[in-house]
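**Q** Respectively, the protein sequence lines represent chains A and B.
Residue numbering for the first sequence follows the working numbering, beginning at 1 and increasing consecutively.
Residue numbering for the second sequence follows the working numbering, beginning at 1 and increasing consecutively.
For the record, the hints were derived by calculation from the structure and aren't laboratory data.
None of these values were measured; they are calculated from a predicted model.
Where a beta carbon is used, it is the ideal one built from N, C-alpha and C, also for glycine.
Please note that a few of the clues may not be correct.
To be verified - Here are the computed distance ranges between Cβ atoms for each label pair:
1. Asp132(B) to Tyr93(A): 43 to 53 Å
2. Gln133(B) to Thr88(A): 29 to 39 Å
3. Lys122(A) to Pro260(B): 26 to 36 Å
4. Arg176(B) to Thr88(A): 55 to 65 Å
5. Ala129(A) to Pro236(B): 30 to 40 Å
6. Pro260(B) to Trp120(A): 23 to 33 Å
Unchecked claim - If we take Cβ atoms under 8 Å as the criterion, some of the chain A residues that face chain B in the derived model are:
7. Pro48
8. Thr66
9. Gln89
10. Val92
11. Tyr93
Stated by the list, open to error - In silico SDA-like cross-links for lysine to any residue, where the CA-CA straight-line distance does not exceed 25 Å:
12. Lys122(A) to Ile23(B)
13. Lys5(B) to Tyr93(A)
14. Lys169(B) to Ala129(A)
15. Lys122(A) to Gln256(B)
16. Lys201(B) to Pro125(A)
17. Lys5(B) to Ser157(A)
18. Lys201(B) to Ile117(A)
19. Lys201(B) to Gly30(A)
20. Lys201(B) to Ile121(A)
21. Lys5(B) to Gly58(A)
22. Lys112(B) to Ile117(A)
23. Lys201(B) to Val26(A)
24. Lys122(A) to Leu13(B)
25. Lys232(B) to Glu272(B)
26. Lys169(B) to Ser29(A)
27. Lys201(B) to Gly119(A)
28. Lys5(B) to Val26(A)
29. Lys112(B) to Tyr11(A)
30. Lys122(A) to Lys5(B)
31. Lys5(B) to Leu80(A)
32. Lys122(A) to Val11(B)
33. Lys201(B) to Pro124(A)
34. Lys122(A) to Asp27(B)
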Amino acid sequence: MRLTAYFILVYLAIGLQIGMGDFARVGGSGARPDLVLLAVIFIGIHAPRDAALLGAFGIGLVKDMTTLSPLGLYAIAYSLVGLFTVSTQELVYRAHPVTHIMLGFAGSLLAGAVVLIHGWIKGPPASLAEMFGSALFTAVVAPVVLGLLNLARGAFSFRRRARMH
Amino acid sequence: MFHFKFNQVFVGLIALAFLSAFILPPDLSNPLRGLQALFAPVSRPTRAIAGSLHDRFAANHRDTREADQVKDENEQLRVLVMSLSGQLQELKRVANDFDRLGDVRPLCTRFKVVGDDPGTRDSIMLAASSRDQVKESQPVLSGQGLVGIVERVGQAGAQVRLITDKDFKVSGQFVRFNSNKTETREQTLATTIPLVRGAGKGQIEILNIQLKETALTDDPLKEKVAVGDYVKLEDPLWPPNVSGRLLGRVESITQQSGAPQHALIRVRPLLELKRLREVMVMNKLDVPEAQTAGEKSAGTN
Numbered sequence: 001m002r003l004t005a006y007f008i009l010v011y012l013a014i015g016l017q018i019g020m021g022d023f024a025r026v027g028g029s030g031a032r033p034d035l036v037l038l039a040v041i042f043i044g045i046h047a048p049r050d051a052a053l054l055g056a057f058g059i060g061l062v063k064d065m066t067t068l069s070p071l072g073l074y075a076i077a078y079s080l081v082g083l084f085t086v087s088t089q090e091l092v093y094r095a096h097p098v099t100h101i102m103l104g105f106a107g108s109l110l111a112g113a114v115v116l117i118h119g120w121i122k123g124p125p126a127s128l129a130e131m132f133g134s135a136l137f138t139a140v141v142a143p144v145v146l147g148l149l150n151l152a153r154g155a156f157s158f159r160r161r162a163r164m165h
Numbered sequence: 001m002f003h004f005k006f007n008q009v010f011v012g013l014i015a016l017a018f019l020s021a022f023i024l025p026p027d028l029s030n031p032l033r034g035l036q037a038l039f040a041p042v043s044r045p046t047r048a049i050a051g052s053l054h055d056r057f058a059a060n061h062r063d064t065r066e067a068d069q070v071k072d073e074n075e076q077l078r079v080l081v082m083s084l085s086g087q088l089q090e091l092k093r094v095a096n097d098f099d100r101l102g103d104v105r106p107l108c109t110r111f112k113v114v115g116d117d118p119g120t121r122d123s124i125m126l127a128a129s130s131r132d133q134v135k136e137s138q139p140v141l142s143g144q145g146l147v148g149i150v151e152r153v154g155q156a157g158a159q160v161r162l163i164t165d166k167d168f169k170v171s172g173q174f175v176r177f178n179s180n181k182t183e184t185r186e187q188t189l190a191t192t193i194p195l196v197r198g199a200g201k202g203q204i205e206i207l208n209i210q211l212k213e214t215a216l217t218d219d220p221l222k223e224k225v226a227v228g229d230y231v232k233l234e235d236p237l238w239p240p241n242v243s244g245r246l247l248g249r250v251e252s253i254t255q256q257s258g259a260p261q262h263a264l265i266r267v268r269p270l271l272e273l274k275r276l277r278e279v280m281v282m283n284k285l286d287v288p289e290a291q292t293a294g295e296k297s298a299g300t301n
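Between the sequences and the hints, there should be enough to build the whole structure, so can you do that?
**A** In structure tokens:
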């Protein structure tokens, strides 16, 4: 994976998420899409396993630097999402919108679960409704965002390790 | 020679992250964090576009008034505009929202907001750094009242904990503004000192006021807290100049489900704090560390 493209993706995803912020909230639960998570899923479905996991951890770590949550929380959450996405690489059709919706929803729930557990243990508790709403919202925008990112896939030079038979 | 496999390195990184997120105190990692302003080239235009789109579409969406009501209001507004035109020169002098800060204005510096919390907390990020004399625990204000407190600051950005964040706690006071034709009088309500805490999602709540001190009961002998009253900061641990700054307006009063004798008072700040585009940081006042609100917040957590 080309590092320059990776850093640009991280920068844009987090910059857009910060800028869009509260204006993207919908509904009573205050749900909003997680563009950073979609970047994690994009890396997860295309990059080789090791690069994808490190990439997911790195994105989470950078997000941790821009939120009030403690350092490491999103690094863990996105690493788990990375692990989950990597594990589905061989099972799914990577360019299919349904794949994007399912991964967006499952990934958001997984990351949300980590944030919820952290809230219960360390406080302040996060809102279950907001997490679920955000997961739905992220799933809805996932085909669009991941579809656009797929167009730029060449810039990342993803290479897969040849399988030994 | 050590040979680490990737899995070992990855598990080590996760373990470190777990240690930092779940075990170590959050303040410990603050010096490592301060990149907020680096994202300003992307986040600021995004925020401007998102804000203007929101203003354009959300306003129409929320308007549920009848056509006749709108016509009546238009007529009243025409009269009002005519009467106000004579005062235009005077109003220009105070057109800048931050002139409302009054005596603390010289102690503050204006900073642009580059975005809000990408996670689930209530915070905003400023294009400010430690080189701008911005320090932790400095109060952050707007013309409409208190916005929050500087939570951490680095070489490339600062993060402000909003008064609506769930970890924000101060003591306050209920006030009511009685207006007549000539003046507006502020009346302080004699209630228990309200302990104000952020409730997330742009709201503040007060849980320690008894139901009998609110308008939910009909005891005519006491001044009761009612919807529409204001809450202002009255906390000895904050700098005296900030005392009296408005925190918000009482939006609803209900009975607490777990404590029937007490009211759940929901307060909404006068502005959508996460949507502010500029704020004032009180960075020219040397506040002794012991008197900062940051210590109070830490103490109450």
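**Q** All hints are to be evaluated individually against the structure, with a verdict given for each.
**A** Hints, verified against the model:
no. : hint                               : verdict
1   : Asp132(B) to Tyr93(A): 43 to 53 Å  : holds, 51 Å
2   : Gln133(B) to Thr88(A): 29 to 39 Å  : violated, 50 Å
3   : Lys122(A) to Pro260(B): 26 to 36 Å : holds, 30 Å
4   : Arg176(B) to Thr88(A): 55 to 65 Å  : holds, 59 Å
5   : Ala129(A) to Pro236(B): 30 to 40 Å : holds, 37 Å
6   : Pro260(B) to Trp120(A): 23 to 33 Å : holds, 26 Å
7   : Pro48                              : violated, 10 Å
8   : Thr66                              : holds, 6 Å
9   : Gln89                              : violated, 16 Å
10  : Val92                              : violated, 22 Å
11  : Tyr93                              : violated, 27 Å
12  : Lys122(A) to Ile23(B)              : holds, 9 Å
13  : Lys5(B) to Tyr93(A)                : violated, 30 Å
14  : Lys169(B) to Ala129(A)             : holds, 24 Å
15  : Lys122(A) to Gln256(B)             : holds, 24 Å
16  : Lys201(B) to Pro125(A)             : holds, 12 Å
17  : Lys5(B) to Ser157(A)               : holds, 24 Å
18  : Lys201(B) to Ile117(A)             : holds, 19 Å
19  : Lys201(B) to Gly30(A)              : holds, 7 Å
20  : Lys201(B) to Ile121(A)             : holds, 20 Å
21  : Lys5(B) to Gly58(A)                : holds, 18 Å
22  : Lys112(B) to Ile117(A)             : violated, 34 Å
23  : Lys201(B) to Val26(A)              : holds, 12 Å
24  : Lys122(A) to Leu13(B)              : holds, 21 Å
25  : Lys232(B) to Glu272(B)             : holds, 17 Å
26  : Lys169(B) to Ser29(A)              : holds, 23 Å
27  : Lys201(B) to Gly119(A)             : holds, 15 Å
28  : Lys5(B) to Val26(A)                : violated, 44 Å
29  : Lys112(B) to Tyr11(A)              : holds, 20 Å
30  : Lys122(A) to Lys5(B)               : violated, 32 Å
31  : Lys5(B) to Leu80(A)                : holds, 19 Å
32  : Lys122(A) to Val11(B)              : holds, 22 Å
33  : Lys201(B) to Pro124(A)             : holds, 13 Å
34  : Lys122(A) to Asp27(B)              : holds, 14 Å
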